Amino acid sequence: MENNKIDKLFRDKLKEVKVSPPTDTWEAIAEKLPKKKKNKVIFLWWAAAAVVLALITSGVFYWSFADKESQTIQFVEKTKEDLDKSKKDEQKSILATENKQEVDENRKATSEKTGVNKIQNINDNSSFSNNKAIAQKSISDDIIDSQETKKEKSTIDIVNAQHFAENKKKIDSKEQKEKNALHSMQDRTQNEATHKSGQITQSEQIATNEKVVDTQQEVKSLVDSNTLVASEEEINNSDKKQQGRWSVGPQVAPVYYNSISGGSSLDSQFNDSSKEGGINMSMGLQVAYQVNDNWQLRSGINRVNVGYATNNVQVGYSDPILAMANINYNNVPDGEVVITVFSDDNLSEINASNHGNRVELVYMGGNTQLKQSLTYIEVPVEIERKIIQSDFEWSIIGGVSSLFLTDNDVYVTNNDYRSNIGSASNLEKTSFTTNIGMGFGYNFTKNIHFQLEPMFKYQLNAYTNSVDFKPYIFGLYTGVKWRLD
Amino acid sequence: MFLINLVTHRNLELKDLIAACKKQNREAQSLLYKRYADVLFGQCLKYSSNYDDAKDHLQESFLTIFAKIDQYKGRGSFEGWMKRIAINTVLQSYRKNKEVPLQREELLEAKEKELNLDVEEISNADLPLSFLLSIVQDLPERYRLVFNLYVLDGYSHKEIAEMLDIAEGTSKSNLFRARENLAKRINEYKETSE
Chain A
1 MENNKIDKLF RDKLKEVKVS PPTDTWEAIA EKLPKKKKNK VIFLWWAAAA VVLALITSGV
61 FYWSFADKES QTIQFVEKTK EDLDKSKKDE QKSILATENK QEVDENRKAT SEKTGVNKIQ
121 NINDNSSFSN NKAIAQKSIS DDIIDSQETK KEKSTIDIVN AQHFAENKKK IDSKEQKEKN
181 ALHSMQDRTQ NEATHKSGQI TQSEQIATNE KVVDTQQEVK SLVDSNTLVA SEEEINNSDK
241 KQQGRWSVGP QVAPVYYNSI SGGSSLDSQF NDSSKEGGIN MSMGLQVAYQ VNDNWQLRSG
301 INRVNVGYAT NNVQVGYSDP ILAMANINYN NVPDGEVVIT VFSDDNLSEI NASNHGNRVE
361 LVYMGGNTQL KQSLTYIEVP VEIERKIIQS DFEWSIIGGV SSLFLTDNDV YVTNNDYRSN
421 IGSASNLEKT SFTTNIGMGF GYNFTKNIHF QLEPMFKYQL NAYTNSVDFK PYIFGLYTGV
481 KWRLD
Chain B
486 MFLINLVTHR NLELKDLIAA CKKQNREAQS LLYKRYADVL FGQCLKYSSN YDDAKDHLQE
546 SFLTIFAKID QYKGRGSFEG WMKRIAINTV LQSYRKNKEV PLQREELLEA KEKELNLDVE
606 EISNADLPLS FLLSIVQDLP ERYRLVFNLY VLDGYSHKEI AEMLDIAEGT SKSNLFRARE
666 NLAKRINEYK ETSE
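Chains A and B, in that order, give the protein sequences.
Start counting the first sequence at 1; every next residue gets the next number (our numbering).
Start counting the second sequence at 486; every next residue gets the next number (our numbering).
Because the hints were derived from the structure by calculation, they are not lab data.
Straight-line alpha carbon distances no greater than 20 Å define the calculated SDA-like cross-link-like pairs of lysine to any residue that follow: (1) A:K13 / B:A522; (2) A:K15 / B:Y640; (3) A:K15 / B:N535.
If you want the ones that stay clear, here's a sample from chain A, every Cβ over 12 Å from chain B, calculated: (4) A54; (5) S261; (6) S268; (7) R303; (8) S425; (9) N426; (10) T430.
Bear in mind the structure is a predicted one, so any value in this text is a computation, not a measurement.
Ideal placement from N, C-alpha and C gives every residue a C-beta, glycine not left out.
All chains, please: the whole structure from these sequences, using the hints.
This is the structure in structure tokens:
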């Protein structure tokens, strides 16, 4: 059958036909593939850290404000008490003054001493006020001055009247008989006049006294409030003296890790590649010991993640001989082939030296990065010197940290996904940093201290071999410390 | 993590590769592509009228494969499953751009008459693959689909009629005309090369 022959011809030739698609096809497909979800674990860590931080912060705010509120209420209550008390005092003093004045009034008519006594009395009163405020004092002084002037006036009047009376008496004695009636009349007049002036003085006296009492009242409440503040300060001071010198609290920091030299710690082929420092987290606990008002010794423990990325690497299977150095590759079977990365320059060198067939590239798409991720347990020992000390504090900090390596991963990623290729083989298990930084603090209450500390930590011996990579950590450490009683 | 597995088992079992692709692992997808791109591109070329369309169909096919790989339950050939996805991709595009009926072929009797073609002579002759592919591609769209489905992928006229939403008779006559067309091209080729 002819038909069958044609069908057979095409079946034989075309049924299993294989044709290589153009090279950019996978790239186009990969771009359209849905992006894989980002690393959930990392997200959870961030979420957990954020929640913890939020709880701590809100807790601190809540307690510090709650504390302040109760203090204010106490203060108001005290003032109220004082007011009541001083009102009573006022009434008492007015009563006392009135009583005195009644007695005085009688004396005044016959003796100039009385006036002086009164002035003395007023002076005593105002000195009793124990005036601290200058303004208040000057007001009191003015009042006293005017009081004195008035007093003197009335005293002079009284003296004049008495002189007059005495003179009259002398005349009377001469012309007693004749002038008896007149004498009694004059006497009465004099008494009346004296009485009058006494009355005037009394009313003035009362008014002045009221004023003085008012002033005294104001001064007293002022003094009382001063005393209250002073006494609180005293309490605080005595508390400070009694308080423990230890404080403790959590601290977290975004930390930036990079090298002050431009090279690569993993392989010199990446020395000239573009690199990015990584921003990660440091979390831990700080313990501080207050040596004296200015000096503090601090230590603690932090878990620090650091890492950096080398951009635009090529991923491929490779003969280990051609693969980058300083890596312990994961699960290499008999050292036959490893997954590794190459810089473009290195790749062209390999191709030029006819070793190209020993490398098989895997297309990953996007900016494929070689990332190194390290976790250290950090134990810092630092001293802090306070420069400014009030509610806000400013200090400088210096010290050293011991770093103990716990995790060490080298992986490739293009943000959609990541694959571990091994670990760095040239890292010291224990290394040290020299630390320097600044501290900005705020005391929410006498026991709760907030701090923000930009710190620069330079790592001294991160690598076992000499690589052109001098790492440092820059962190913005925030924390809250509680003073232990 | 997956790369490590690849290192330890370079010739990864297909089922592991599929399992990894089901987790949308990009490297596994890349490897699956590498393994089957040539076969599927061949398939797409046969069903398409030109290289660029074939390339588009290939991309579309792989995206569908990765999206629907969960639906492959391990029964039957995985390659066959992927090829069917490629066919469906082409058919979808065909339905989308459905042309006006080519001719009034429905009226033509699909006669299973023999063609005037000395196929015996050429069957083993060196007809280049690229030539055979090109004359299939040059077929009018429906002829090409029917020819491919019936001759190369073994579908029945009944199935083809359903797939293309045409009458069974139409499928038969399309196949006849496709063969006729191809035989003509082969004869022309023979004449020019003689």
